[in-house]
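Asks: Chains C and F are the protein sequences, given in the same order. Just so you know, we're using the working numbering here: the first sequence kicks off at 569 and counts up by one. Just so you know, we're using the working numbering here: the second sequence kicks off at 223 and counts up by one.
Because the hints were derived from the structure by calculation, they are not lab data. Among the hints, a few may not be true.
As the list claims (entries may be wrong) - Per label pair, the in silico range of CB-to-CB distance:
id	chain 1	residue 1	chain 2	residue 2	range
1	F	Ile228	C	Val685	33 to 41 Å
2	F	Ile228	C	Pro979	18 to 26 Å
3	C	Phe617	F	Ile228	32 to 40 Å
4	C	Arg1054	F	Met235	49 to 57 Å
5	F	Leu250	C	Val1046	43 to 51 Å
Where a beta carbon is used, it is the ideal one built from N, C-alpha and C, also for glycine.
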Amino acid sequence: MDAQREEWGTRLGFLLAAVGSAVGLGNIWRFPYVAWDNGGGAFFVPYLFALLTAGIPLLVLEYSIGHRFRGSAPLSLRRLHRRAEWIGWWQVVVCFVIASYYAVIVAWAAAYTWFSVGTAWEGDPNAFFFGDYLAVSDAGTFGGFRLGVLVPLVLVWAVTLVILGAGVRRGIERANRVLIPLLVALFLVIVVRAVTLEGAALGLQALFEPDWSRIGDASVWVAAYGQIFFSLSIGFAIMITYSSYLPRDGDLTGNAFIAGFSNASFELLAGIGVFAAIGFLATARGVPTEEAVSSGIGLAFIAFPEIISQLPGPSGLYGVLFFGSLVLAGLSSLVSICQTYIAALQEKFGMHRENAVVVAGGGTALVSIVYATGGGINTLDVVDNFINLFGIAAVGLVEVVVVAWLLRELPTLRDHANATSDLRLGRWWVVSLGIVTPLVLGWMLLDNLRLTLAEPYGDLPQRFLLVSGWGVAALALVAGILLSRRSWPEEVTLQRPADPMPRRPEGPSS
Amino acid sequence: MSTSAIVTMVFGMVAIWGGLAASIALTLRRSRASRTSAPPR
């Protein structure tokens, strides 16, 4: 099986796919708000610190695991140590859960690209989104299917499964070669238009005005680490899977720096575009900027439609560009999330790619229909919150602690990265992963646990939270453990590979 | 925009976009250097 393993066609192809995975909806609708809410311009100091002490080190760690052990997350971790496989399966099941609702948000964005043509939300974007479009019913109720969500959802899954079915080089790499440059081009147009709007400077002032008094606040640092952790697609199998298709001489550390800074660069661009538009909205409403700020679904599907309606000139075109960018960013991330469990199923069950795509991708598509109902947005909101806080963050922490402290594999993996890379990892990498990252992730997890236990999320019924929130997060762990108990096909080599990498000549240390 | 906001905006741009440019330049330069120093196959 290993002899036939696919590889990326080019280094650029891998980098575009890795950046495509990292750059998602969170870059556009989460980063600007988090930066504004945590000290504005002062936030860049903890943000850059977190990028260098957690984001890039974690990227190198996952690239090294995938590249050295050349398998999906479960197989790579199984080869790392026989008792580490369950972590890989836990990550893969988390990906399955995320893909099931992430596709629905991409479908909303696709629908809104269409609605933009005639600004269908004219008058009251809030009532249009929750009432006319989603026709939201009570939490925990089914509420019937919503055709406006179901139709674009089918299209999103069709595109995603076609890309995945074509394979790593012919499907994922080719798609990202189109999606990412197009996304950057569209977003540049959005930003240029946004910063030339009346009131844009007020929005940028709100985003960049530094509040240095916040720099000593621990919650600001945790927010910076959280933003880096959640936006870089680390800790949940994607980067392990993608790097397993790198050729033997792939430059792991160099790639991690480029991917990490590319993601941060897009976030900064998104921050400028979003806050310039918010400044315009505040000016149009005649209110202070703070009253116009929003994030997440509220920013994308309520605030932006209002901004689009207020724009002078052909405003529908701006809407097409904005929601089109959301679709592109979402699609490239969705493909990477699905690839994690498709690769794992191929290896564990000896399936051909096409069959794995139909079974796993098709299965996720069926599950995602649950969110295309009247009660779907409530379920989506709860599942998203719990799987992020107690799925991704928890499994990321477990991965780092197990690799760094229980298996003590950091020196081996550092040697592997150094053997493949021109940029050499020094002591900072071991300290970052062995001490800084576990401490911050552990703190984040405990703090979120405390907050969630103290107050029911979104004031929703406890029973609903127990099933859709805690239940789904726990199920991911249990399913991961159960999947790891199944034996591998005979043709899959489980032995830890001997180090095949000839050392590169010594270069300057980074 | 206030001076402090402009300064932090420029700092963010230089640090992040400059970091990306430096990563690409450094990686490409070293890749070329290691290719030219490798023995002929």
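Asks: Which hints from the list above does the structure break, by number from lowest to highest?
Replies: 2 and 3
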